[in-house]
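A.B. asks: Below are the chains, spelled out letter by letter.
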Amino acid sequence: MTAYILNLLVLISVYAILATTLNFIIGYAGIFSLAHAVFFGIGGYTAALVAMNVSPEFFVAVPAAMAAAAVTSLLLALPALRVRGEYFVAASLGLQVLAVTLFSEWKSFTGGIGGVIGIPAVELFGFPVYKPWQFLVMALICLAIIIAITRTLVHTSFGRSLKAIRDSESAALASGKNITVIKTFSVVLSSALAAVAGALYAFYMSFINVESFMLDTSVMVMAMVIIGGTATIVGPLLGAALLMLMPSALTYLTFLPQTEIGSIQQIVYGLAMVLLMIFRPGGIVSSHPGGGK
Amino acid sequence: MLFLQLLANGLQVGAIYALTAAGFSLIFGSTKIFHFAHGATFAIAAYLFHFALAGLGLHWTFAVAVAALSAVVFGVLLDRLMYAPIQRHEGSFFTVFVASFGIGIVVQNLLGSVFGRGFMSVSTPLSNSIEVMPGLYLSPLNGLAVVVAIVCFVALHFFMTHTFIGKGLRALSENPELVRTFGLSPRRLSTYAFALGSLLVVPGAIFTAAGTGINPAVGHHVMLISLAATIVGGIGSLRGAACAGLLIGVAENLAMWKLGTQWSEAITFAILFFFIIFKPSGFFGRATVS
Amino acid sequence: MLRKTLSAIAFAAGLVSAASIQADDIEIGAVFPLSGPNATYGDIFMSGADLAARHINEDEMLSGNLNILYEDSQALPQQGVVAMNKLINVEGVPYVLSAFTGVSKAISTLAQRSETVAVNGGGVGPDLAELGEYFWNVIPLANNEVGALARYAVEDLGHKRFTLVYVDDPLGESILGELEKTLPELGAELVESHSIAASAQQFSSVAARVRSDNPDVVYVASYGSQQLQIVKQLRDNGVKAQIASYSAFSVPELQEQAEAQGALFTTQSIDWDSDDPVTKRFVDDYKAEHDKNPTSYIANYYNAVRVFGLLAQALEEQDKELTGANLLAQRKATETFELVGGEVSFQENGTLQAPIQVLEVDGSGSGKVVSVKAAE
Amino acid sequence: MSAEPVTARETANPAPGSGFTGSTDDQEVLLEINSLSKNFGGLQAISDVSLNLRAGIITTLVGPNGAGKTTLFNMITGHIQPSQGDVRWQGESLIGKAPWRIARKGIARTFQDLRLFTHMTVEENILTMMEPGSWLWQPGGKSRKARRYSKVSQIMDRTGLTAKRHTRALDLAYAERKFLSLARIMATDSRLWLLDEPASGLDPNSYNLFLQLLREEVKEGITVCIIEHNLDIVVNISDRIAFLDQGRLLADGEPETILNDPALAAIYFGER
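Chains as they are written, first to last, in our numbering: chain L, 2 to 294; chain A, 3 to 292; chain S, 903 to 1278; chain P, 13 to 284.
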């Protein structure tokens, strides 16, 4: 049972990293991206590739994953960020669909639907980390560092600029803020940090395939942020925990028909999104009840 | 010959996309609601058509009526029970989108639980192709889809230009304040937009049920296409959405000449990307000023 | 409010799980698609596995009641890994039934690491034979099936030109590889191959291209509800060539489909009318319960559970613990198993060897055997 | 809209104009608009407007709704690109420059609909205006930071927002929001302020405070251009008036000249 709980905790940590990094752009920069899973995937595939071909060392694989995600996101963000809000959502959706096709077809890199199997355990200075609790500690440390980074950034002048852009782009422009650079930087940072989650995930599962990086994942991470509460630190963590625990909790309800559990889980999760948006759009941990973006 | 065949297939698929996209565009253009659950409306109409025809054994005219009624009721209920309360408290674009997405998930899984998760299709002799010329096979369904789409568009055009509600809807997309001063309620017009927009999915839903078959996730694909077509065509332009839907359908099929079907969604979104980057206002879109 | 409800659910979940484990039960796991578009396979697999468990319990082969814990994979690798994790780490089962090539590949690493036996009775990708010694197959793999069908189509029917429509996943790729290898040896050719996405549903353009290839045989390598659509749309769009496939065609939906009539497919050869007691009891009880003929999938999962029953019985006699490692050792020590379809043996790599039969879809629900080819 | 403030005028505004004395024609030209035009689709929003904004004075843009006043602002600040013509800031062309570059040259503006940073506090709203080119952290260390904060406090004092420093902009009262919008540009160190209807809807007390602030700033050397319907502003604190109608500049000059032109008055009052 402990192993199972550890397993869940590791997955929660990984998704909490994703939610935190997505919250950084949704909550603070007002950039609604439906393509977060793409960078999760790039991180995962790159880390897997590096671990299998170069070295499974954490400080080699993870920076490589971050760099790959940062470069890709830079290439994509520059054109896409020129357009307005609704268009960016559509553009990110398009990017997500394109990426899934590429992930499925670029078999030498991703293994297609079959995925990458046999990813070695990650090493910290030469010591392999594979026991669940060790891995959990590592994931939690990564999460803590990422929370610290985003939290610090949000309280600097950079963070204020982000929030200013979120609240009124034209007024931010009129106050001399180079919003393209600021937005691009935040997208690149968020993608690079999401790649950390991807790397952790790949090492932990020792198997990854395109199905972990599809639109559903992007939507789920988005739901974690929205349900938990945007522009808060605790919100995305709570959202990640709730959404990850819900399926596991449901499988324990033995009176539910086995064949319907998948559906029930999805229905609960869809309904939660709807009801929260109607009654508490700021999310569960709303900094200012009633309001909210 | 293969080219002609693919073009013919593309036109049929495109006609269905065009209708569905026009519905989404109508709703989005006039109410500014990012109605992601439009795909759910499509799925509901398709399933209830199938159920009425195959399950209840009704005559096809009744089945069409059931599909149309269910689509309209679902669209209007969503508008009244979900979007209206959200919009009452500063419903940002994204709040609406998330709620709409949530409903899409709920509907997809409910349909799966009730009707089963496999593919279903209405068996009809109309889907059997006839060799009209050497190497070119067309089914009556192909032609029917195109004809119905044209009829729907002519009717829609007439409605939007000649009726009071149609004019109101067009005005709503230009300037909600103006609508209020003319004594029309944007809330009520929004209901009309949902009713009409949802009705437009019905032909597509029926042709899909009879042709390629449906599964609970069918709405998802249709939604992605509608979204892409709406932007490619220019937000708020029905004509644009229709042309873009047709373009996407044809492009998807022509691409099969050289590529496998797994590239079809990628092609749609490559087109979308191209437009977003180089011509964000779309085919017929008004200049967007931020 | 939501938070409260969910924590209440989590709490209740703890109670339920604590109560459901009884001391004397012997538990094995199964990772099947119970929801999603391939759920129909899950139902089929379950009916076979449950019947075997019932027989084992009726015979009191084991010291306790054999119980199968089902987890949903949705036929997706990631879901499969999560489910497998739960079965290994929470339930602690030594033996897990698996299905689908993608899922099986994904869980094989876990099986190897935790020394848990995973047994596949549904996936037929040839690389399933090379997933480590804790991964067994109670089903002949696609290389056998494709070979048997190709031989029948070329040698007995005289077809020369093949076109392949395959789903773009490990299974489809392996079938493509098999056809590319087998056909030239037989003097036939693979004219063209068309890959399709696992989620695709519109095949009129594929049909148009297939038609322009002008093949004698269209081999359809897909599964689930998709293969029904492919067959329907091929026929709707004027493809008249012989349709052929592998054991995925043995699902009832396809057997009953009008467009599929006359199509060829292959399965493991099982003589349903055999007098062998195991086969006879399986067939009779299955018919009594479900009022229809069993298919090879059902027999495979029956066999998968029965293999566990036989191994566990032997281990209990030796007073050994029911662990994955012991099960593996016992399997290696056992030469032949009395299973549905007769006495069979495992190859060194953990894959069952069996003759393949070629069948024609005739609307009877199980197909008409037209040829039996010995295993190569 | 203007009825109330007009009654308050007498006490607040003993002498017309911003306090500037002398001929406005002699002032240095800070911003030069040369035959600027803009079409939206087929609609001619601005046609061939030429206008100079002179340093140290208040220029008011008047004209009926839809005359193109806000469009003119948008073209100066780079939010809209003109179809034709040129805008020169101290001799340098601003055409084609991004809005943030133009802002950093010293042109600040407010918006008719305010566009506050709604989910940020009053203090953050002001602070972020002082950090246009910020890159993670502002240079200058603690002393610079302390200076920034003291400037923020000073601005909040002058605009009467001190008590609300930790309130979100969203939760402010109407007049407070208008002052926050003003406070934001006070923080920018700009030489030219473009104010889009800054006084509309203000109660008498707030209006007086606004006039006081504006006069103080002009005395400090700020150049102001206001779009305003409020007759009091037009008459009493403007040093120059530019009259726009249907995208054309009909007249530009000192208030007496403009206000005494019966043709302009007819358009102005007739349209209103």
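Think of the hints as simulated: they come from the structure by calculation, not from any bench. Mixed in with the good hints there might be a few duds.
[As the list claims (entries may be wrong)] Straight-line distance between alpha carbons at most 20 Å, and here's what the computed DMTMM-like set of lysine to aspartate or glutamate pairs gives: (1) S:K1142 with A:E133; (2) P:K109 with L:E106; (3) P:K117 with P:E44; (4) L:K108 with S:E1082; (5) A:K260 with S:D1115; (6) L:K132 with S:E1017; (7) S:K1270 with S:D1115; (8) A:K260 with S:E993; (9) P:K231 with P:D273; (10) L:K132 with S:E993; (11) P:K117 with L:E106; (12) A:K260 with L:E106.
[What the hints assert, rightly or not] So, partial list: chain L residues that the calculated Cβ filter (under 7 Å) puts toward chain P: (13) T73; (14) P80; (15) R83; (16) D168; (17) L174; (18) G177.
Being a predicted model, the structure only gives us computed values, none of them experimental. A virtual CB, placed ideally from N, CA and C, is assigned to each residue, including glycine.
A.B. asks: Could you run down the list of hints and mark each one as holding or not?
C.D. replies: Outcome of the hint check:
1. The suggested pairing of K1142 of chain S with E133 of chain A holds, with an alpha-carbon distance near 12 Å, which does not exceed 20 Å.
2. A C-alpha spacing of about 43 Å is found between K109 of chain P and E106 of chain L, which places the hinted pair above 20 Å, so the restraint is violated.
3. A distance of roughly 15 Å separates the Cα atoms of K117 of chain P and E44 of chain P; the hinted pair therefore holds under the 20 Å criterion.
4. At roughly 19 Å between alpha-carbon atoms, K108 of chain L and E1082 of chain S fall within 20 Å of each other, so this suggested pair holds.
5. A C-alpha spacing of about 13 Å is found between K260 of chain A and D1115 of chain S, which places the hinted pair at or below 20 Å, so the restraint holds.
6. A hinted pair counts as satisfied when its Cα atoms are at most 20 Å apart, and K132 of chain L with E1017 of chain S qualifies at roughly 16 Å.
7. Restraint check: the Cα-Cα separation between K1270 of chain S and D1115 of chain S comes to about 29 Å, which exceeds 20 Å; the hinted pair is violated.
8. Using a Cα cut-off of 20 Å, the hinted pair K260 of chain A and E993 of chain S is violated, with the two alpha carbons roughly 50 Å apart.
9. For the given pair, K231 of chain P sits about 29 Å from D273 of chain P by alpha-carbon distance, which is inconsistent with the 20 Å threshold.
10. For the given pair, K132 of chain L sits about 19 Å from E993 of chain S by alpha-carbon distance, which is consistent with the 20 Å threshold.
11. At most 20 Å may separate the alpha-carbon atoms for a hinted pair to count; K117 of chain P and E106 of chain L exceed this at roughly 50 Å.
12. Between K260 of chain A and E106 of chain L the CA atoms are separated by roughly 15 Å; this keeps the pair inside 20 Å, and the hint holds.
13. For the restraint placing T73 of chain L at the interface with chain P, the shortest Cβ-Cβ distance is roughly 23 Å, beyond the 7 Å limit, so the hint is violated.
14. Hint status for P80 of chain L relative to chain P: violated, with the closest Cβ pair at about 16 Å, above 7 Å.
15. Because the closest C-beta pair between R83 of chain L and chain P is about 12 Å apart, greater than 7 Å, the hint is violated.
16. Proximity of D168 of chain L to chain P holds as hinted, the smallest CB-CB distance being about 4 Å (cut-off 7 Å).
17. Because the smallest distance between the Cβ of L174 of chain L and any Cβ of chain P comes to about 4 Å, under 7 Å, the interface hint for this residue holds.
18. With a cut of 7 Å, the hint placing G177 of chain L at the interface with chain P holds, because the nearest CB-to-CB distance is about 3 Å.
The structure shown violates the earlier hints numbered 2, 7, 8, 9, 11, 13, 14, 15.
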